[in-house]
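Asker: Spelled out from the first residue to the last, the chains are:
Protein chains: 2
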Amino acid sequence: MSVTLFDKILDRSQIISGKDLETRYHHIWHMDQPLNAMCLLMPASTQEVSSIMKICFKNDLPVVVHGGLTNLVGSTETTGNEVVISTERLNKIEEIDSSSRTMTVQSGVILEHVHDAAASVDLLFPLNFGARGSAQIGGVISTNAGGLRVLKYGMTRQLILGIEAVTADGTIISSMKKIIKDNSAYDIKQLFIGSEGTLGIVTKAILKLEEAPSSRNAAYIGFNHYDNVVSFLKYIDAHLAGKLSGFELIWRNSYEQMTSVSHAVRPPLPYDYNYYVLIEALGSHPQNDHAEFQILLEKALEKEQILDAVMAQSPSDVEWFFRIREDVNNLVDFMKHDQHFDISLPIPLIGDYIGDRYESLAQIEGVEQIYAFGHVADGNIHFMIGKTHLGLDLKKEIDHCIYDGLKEIGGSVSAEHGIGTHKKDYLNLCRTPEEIILMKSLKSSMDPKGLLNPGKIF
Amino acid sequence: MSVTLFDKILDRSQIISGKDLETRYHHIWHMDQPLNAMCLLMPASTQEVSSIMKICFKNDLPVVVHGGLTNLVGSTETTGNEVVISTERLNKIEEIDSSSRTMTVQSGVILEHVHDAAASVDLLFPLNFGARGSAQIGGVISTNAGGLRVLKYGMTRQLILGIEAVTADGTIISSMKKIIKDNSAYDIKQLFIGSEGTLGIVTKAILKLEEAPSSRNAAYIGFNHYDNVVSFLKYIDAHLAGKLSGFELIWRNSYEQMTSVSHAVRPPLPYDYNYYVLIEALGSHPQNDHAEFQILLEKALEKEQILDAVMAQSPSDVEWFFRIREDVNNLVDFMKHDQHFDISLPIPLIGDYIGDRYESLAQIEGVEQIYAFGHVADGNIHFMIGKTHLGLDLKKEIDHCIYDGLKEIGGSVSAEHGIGTHKKDYLNLCRTPEEIILMKSLKSSMDPKGLLNPGKIF
Chain A
1 MSVTLFDKIL DRSQIISGKD LETRYHHIWH MDQPLNAMCL LMPASTQEVS SIMKICFKND
61 LPVVVHGGLT NLVGSTETTG NEVVISTERL NKIEEIDSSS RTMTVQSGVI LEHVHDAAAS
121 VDLLFPLNFG ARGSAQIGGV ISTNAGGLRV LKYGMTRQLI LGIEAVTADG TIISSMKKII
181 KDNSAYDIKQ LFIGSEGTLG IVTKAILKLE EAPSSRNAAY IGFNHYDNVV SFLKYIDAHL
241 AGKLSGFELI WRNSYEQMTS VSHAVRPPLP YDYNYYVLIE ALGSHPQNDH AEFQILLEKA
301 LEKEQILDAV MAQSPSDVEW FFRIREDVNN LVDFMKHDQH FDISLPIPLI GDYIGDRYES
361 LAQIEGVEQI YAFGHVADGN IHFMIGKTHL GLDLKKEIDH CIYDGLKEIG GSVSAEHGIG
421 THKKDYLNLC RTPEEIILMK SLKSSMDPKG LLNPGKIF
Chain B
1 MSVTLFDKIL DRSQIISGKD LETRYHHIWH MDQPLNAMCL LMPASTQEVS SIMKICFKND
61 LPVVVHGGLT NLVGSTETTG NEVVISTERL NKIEEIDSSS RTMTVQSGVI LEHVHDAAAS
121 VDLLFPLNFG ARGSAQIGGV ISTNAGGLRV LKYGMTRQLI LGIEAVTADG TIISSMKKII
181 KDNSAYDIKQ LFIGSEGTLG IVTKAILKLE EAPSSRNAAY IGFNHYDNVV SFLKYIDAHL
241 AGKLSGFELI WRNSYEQMTS VSHAVRPPLP YDYNYYVLIE ALGSHPQNDH AEFQILLEKA
301 LEKEQILDAV MAQSPSDVEW FFRIREDVNN LVDFMKHDQH FDISLPIPLI GDYIGDRYES
361 LAQIEGVEQI YAFGHVADGN IHFMIGKTHL GLDLKKEIDH CIYDGLKEIG GSVSAEHGIG
421 THKKDYLNLC RTPEEIILMK SLKSSMDPKG LLNPGKIF
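Respectively, the protein sequence lines represent chains A and B. If you read the first sequence in the UniProt record's numbering, its first letter stands for residue 1, the second for the next number, and so on. If you read the second sequence in the UniProt record's numbering, its first letter stands for residue 1, the second for the next number, and so on.
The shape of chain A in the complex, shown without the other chains (with noise of 0.2 Å):
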């Protein structure tokens, strides 16, 4: 019956119901299972959206919003009463300006075509990860994503300039402005950035842009102590001056299971190390940075702060590179089954926590596989662990050997994947009471009748 609400406003061809909603999935890695919703829509524009909204507001009707469906903490997930936004009508990319250094886009967007877009008028919108070729600006946005290059350019957060979002009651909220400063009052628009679709529907953005980098360097290096993977970072981040794009740290046995599985992959450094660092470089001038950067390694080299070095001498032995660290397929298709994580911690105590895990989860019975690596300047660290079962009991034994050390720490249970349905038991690991309960005030304020994808986060 409820569908029909939907008929003045949309075109028959943009909703989707009854036994069709069976070609539709919640998630990307998930296409066997049919979507379980009352019906999927498919607006083309923001006020087709806020009819939307004022409809499932008139009528109590829980919302989720769909984009690229790559999100990995259940944010999508549908218990089966929900109207499903899909945003893949919203694909417009609906202007670049070179001289302003923006990009206008509908949230439906895919990240890679923002990429390819920025790179036709050498301009370079710098958030990149694995799911670029899924993932759509509205997803990107609503989870505040991270990625590979934050330590240069910063998270979402800092590379959205304007947004366009329907809050619960229908309310267009558009603040659609291409200025890099507004203190005009409240930031309203970091409300909507990493809430995961609880607090408005992003419908469109406004990205800033950075002028594209013209040479790229890349290398391998080993380190025994994780004191000096610390020292180097200083030092390198210090001396490259605002090139160091990324500083990713693979423990050693992930290192060796990364490359073990074909040529594609193959170790650029022998297995001689405790930890590998994969660091990466942007500047403007191929020869000078080639040659600053090889001085900057051999001069680590020398002082012994690194054991050994292994710099990319082409565009490809870059892609070898990342390839190496980009493909977690590598880890997961040895395992029986997986469990990922995503945590973040202050940087210095890294090397011991994560050197504790190992040894504590080694002690869980089930474990098979345990692979830590991770964007090691943001103190953020993932971890792939291969387990015999899908009992609940073995998930939370390993879920709580991995988060009961972050509180006294001061760390957090997500650093860039978000809360969804899955971290939902372990938010007050990281968060006080008081911060639990001034987010669900905020939440109960600007959607009090709960219907933006609910049960998540909370």
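Simulated from the structure, these hints should not be mistaken for lab results. One thing to keep in mind: the hints can contain errors.
For chains that are exact copies, the list does not tell them apart, and a pair is met inside one copy or across any two.
[Stated by the list, open to error] In the EDC-like style, the derived pairs of lysine to aspartate or glutamate whose C-alpha atoms are separated by at most 16 Å in a straight line are:
| # | residue 1 | residue 2 |
| --- | --- | --- |
| 1 | Lys234 | Glu210 |
| 2 | Lys440 | Asp187 |
| 3 | Lys303 | Glu319 |
Once you have looked at the hints, place chain B on chain A.
Answerer: Below, chain B without anything else, positioned relative to chain A:
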């Protein structure tokens, strides 16, 4: 009577009331005007601020926070019945962690002390502006201050990792983490940054530090056409690859005035051009960086993108170059009365918009001087207007002349100073009714009695 309310929670030495208030003032420029308030309290801990707010909440007492009192939009003004909380005893730097590259400070620490403490361990807190010797971190956070190096390092919002704040009912919201990434639910610290003390009182913060640069280059450059300013910005930013830290534009008549009052601010370039740009680059290779900078300028001269350029040849030259730009008194001292502006607009539109304002302002009777300059790479222009009298009609005529066109082009009446009391009438020029309603609902959700900095922003 009411002052006795605080006797139980504070020492007598922390309370100023009655005639003693005459030694206090509401703004550093108005030390001759005695403070008009119920009392002034000097808490020395977050807990004491919380206790004060619990009493104020119970007794419906409005609260205004006083830090360095350098705010430019009237945000520290009082009307007489307020409890003023001074942060002057919250003045401890609690920790510098050079591996995490963080500094933990109480909110009354003066910005310049932060700079010095960071420099003592070869780190940099990049936020920098003229009032650094008086402005306190709490005020910096509450206004989301910008300044001279936003281009490279961002505004305050990008430099704050953790915050502790007290809300209207005395609740302590503590999120003091050193982590760079934290997507565990809503980023509520954003609520306290830039909200001008209307949503909570910041008592502590964890600041993000950067590795200190070891080279600093600067140059003045002359242009006749604004389009070339924009193309040169893109050129130099692309080729300095992360090192460009300042790009300040000064209109010809402002440059003439700024450089004519003493030998200390003598003109680096002759008075031959319509626009003067001061650029700064921060790097890590003193010799290479100087040579690279010079070559980039020579190439721009060759292709006639720029008409003239003079590079600083020594640290004292750099100081000289910046003294010209920073000493706004050289503009104001010759005015009978002054009115200043802090607008934000898309970069490519600045030349025409400011040019038109020059023409329109010159038509207004009572306007004697018109000076424009600003952080053009951030789209942020300051106007200093000299006028014959303080009449309200003249003030409004000047306001409207500068502000009225901003709505159409997506600008803002405040790039970095905030709204306070001075710009309340113009908030609707850069915010939609829906945005303002949402802001007000946030305010009433977090401060239902309207006790925090009443009368500011709205």
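Asker: Each hint: holds or not?
Answerer: Tested hints:
Proximity of lysine 234 to glutamate 210 under the C-alpha cut-off of 16 Å is restricted to the inter-copy arrangement: shortest distance 9 Å between copies versus 24 Å within a copy. Taking CA atoms no more than 16 Å apart as the test, lysine 440 paired with aspartate 187 passes between copies only; the shortest distance there is 12 Å, against 19 Å inside one copy. For the homomeric pair lysine 303 and glutamate 319, neither the shortest alpha-carbon distance inside one copy (29 Å) nor that between copies (36 Å) is at most 16 Å.
Of the numbered hints stated above, the single one contradicted by the structure is hint 3.
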